[in-house]
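Protein chains: 2
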Amino acid sequence: MTERIEIIENIFNANDRLAADNRKLLEQAKVFSINIMASPGAGKTSLIEKTIAGLTDSLRIAVIDGDIATSLDADRAAAAGATAVQINTGGECHLDAVMLQQALASLKLDRIDLLIVENVGNLVCPVNFRLGTHLNILVASIPEGDDKPYKYPAAYQGVDVLVINKLDLLPYVPFRMDFFRAGVEKLNPGLRVFSLSCITGQGLDSWLTWIKDEVDANRSSKAAN
Amino acid sequence: MTERIEIIENIFNANDRLAADNRKLLEQAKVFSINIMASPGAGKTSLIEKTIAGLTDSLRIAVIDGDIATSLDADRAAAAGATAVQINTGGECHLDAVMLQQALASLKLDRIDLLIVENVGNLVCPVNFRLGTHLNILVASIPEGDDKPYKYPAAYQGVDVLVINKLDLLPYVPFRMDFFRAGVEKLNPGLRVFSLSCITGQGLDSWLTWIKDEVDANRSSKAAN
Chain P
22 MTERIEIIEN
32 IFNANDRLAA
42 DNRKLLEQAK
52 VFSINIMASP
62 GAGKTSLIEK
72 TIAGLTDSLR
82 IAVIDGDIAT
92 SLDADRAAAA
102 GATAVQINTG
112 GECHLDAVML
122 QQALASLKLD
132 RIDLLIVENV
142 GNLVCPVNFR
152 LGTHLNILVA
162 SIPEGDDKPY
172 KYPAAYQGVD
182 VLVINKLDLL
192 PYVPFRMDFF
202 RAGVEKLNPG
212 LRVFSLSCIT
222 GQGLDSWLTW
232 IKDEVDANRS
242 SKAAN
Chain X
22 MTERIEIIEN
32 IFNANDRLAA
42 DNRKLLEQAK
52 VFSINIMASP
62 GAGKTSLIEK
72 TIAGLTDSLR
82 IAVIDGDIAT
92 SLDADRAAAA
102 GATAVQINTG
112 GECHLDAVML
122 QQALASLKLD
132 RIDLLIVENV
142 GNLVCPVNFR
152 LGTHLNILVA
162 SIPEGDDKPY
172 KYPAAYQGVD
182 VLVINKLDLL
192 PYVPFRMDFF
202 RAGVEKLNPG
212 LRVFSLSCIT
222 GQGLDSWLTW
232 IKDEVDANRS
242 SKAAN
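One line per chain: the protein sequences are P and X, in this order.
All you need for the working numbering is the position in the first sequence, starting with 1, plus 21.
All you need for the working numbering is the position in the second sequence, starting with 1, plus 21.
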């Protein structure tokens, strides 16, 4: 039993070391990077499409898409106007720092302002594997139900930003926003939250403004160095 | 690399052996058993609540609930009228045959007609770990989107029955049923599909009738042995 725990810890240590390498690479190239995680179907790809559409005039954006099979999501990101790289995990339930390292090697980082990494749709495993991105972002969605922070606490604890998507479905499903938000607040006090709908566009402006500001701040802080 | 593959194969072999033991135990006690898998928030627990409510007068039902944290789902199953056992996976992303074996030991199997196992909400990992139940059932939900069979093929290939839940949300989301069903049919030809809504009750009768028939058939086949 002890041996098994040690092996797992070694894997996490190795992953963290590679994540730190990835981060250094991104910092050197002045690329601001986010890792987007969520359940299958919460709307990661739709949010990325809207983000590209809203920011492609002012930012050079690349997307690295992790999927078990198909390149459907990378195709959508490319169609929306971003440089897109597909990581086919071959059945793996999460991205890890090695996979990101390989994908980064295929990008011209000095020509990118914002890198969006779309993780595999999974509310359990991805949060255990840091990639080296600046921020970890969780997309929740209204029809998933208001008990998710209570049932998947690690996912909600391990992120820097929460996006609540599919706000347009709120009238049609039983979802107690107060109960949901109380669960989030307990796990991750003061967490920054954006509530929006990728279908109606409600709330998207605040999200886009925030991302743009983060990218700008990242560029200026680098310039000052 | 070969060594790693061998270790993983050994784990799967060990799991399959234990799954076979579980099945034998269930057969001996004439318990018909199903393993319900899905993304977080697809409606596993709601479907189980409706199943208990619809069948509790004619069947003795037990639920084994796998969750990373909390006993919220087991509480709901118990409130609906079933015997409920909670498996807290302690962060594990799936149930396996060992966990089920331990849970079975805490149940009086000769007093149960139908055992419902609710797996951890995860569209990737659970399908790799057989539990020994008679049938594996996947719950998909309309707001997850119509591309899920294409993006998570193993989940759709590895099941005996598909339930499409949240049919009441079809008017409010972009979901091409033909595209979804074509993806399913390609991966798992002839798969039995139930389309329903746990909110409106639409389609629930067919599901309940089918489950009841399966349980009855299981009891008579055993009686004939």
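Calculated directly from the structure, the hints in this document are not laboratory data.
For glycine and all other residues, C-beta sits at the position ideal for the given N, C-alpha and C.
A couple of the hints might just be wrong.
[Said to hold, decoys possible] Not the full set, but computed from the structure, chain P residues with beta-carbon under 7 Å of chain X:
1. Cys146
2. Leu191
3. Phe215
[Stated by the list, open to error] With the Cβ distance kept under 10 Å, some of the chain X side facing chain P (calculated, not the full set):
4. Pro61
5. Thr66
6. Glu70
7. Lys169
8. Leu190
9. Tyr193
10. Ile220
[Unchecked claim] To list a few chain P residues with every Cβ distance to chain X over 12 Å, as calculated:
11. Pro61
12. Thr91
13. Met120
14. Asn149
15. Gln223
Going down the list of hints, with the structure as the test:
no.	hint	verdict
1	Cys146	5 Å, holds
2	Leu191	11 Å, violated
3	Phe215	19 Å, violated
4	Pro61	4 Å, holds
5	Thr66	9 Å, holds
6	Glu70	13 Å, violated
7	Lys169	6 Å, holds
8	Leu190	6 Å, holds
9	Tyr193	6 Å, holds
10	Ile220	8 Å, holds
11	Pro61	5 Å, violated
12	Thr91	5 Å, violated
13	Met120	15 Å, holds
14	Asn149	8 Å, violated
15	Gln223	14 Å, holds
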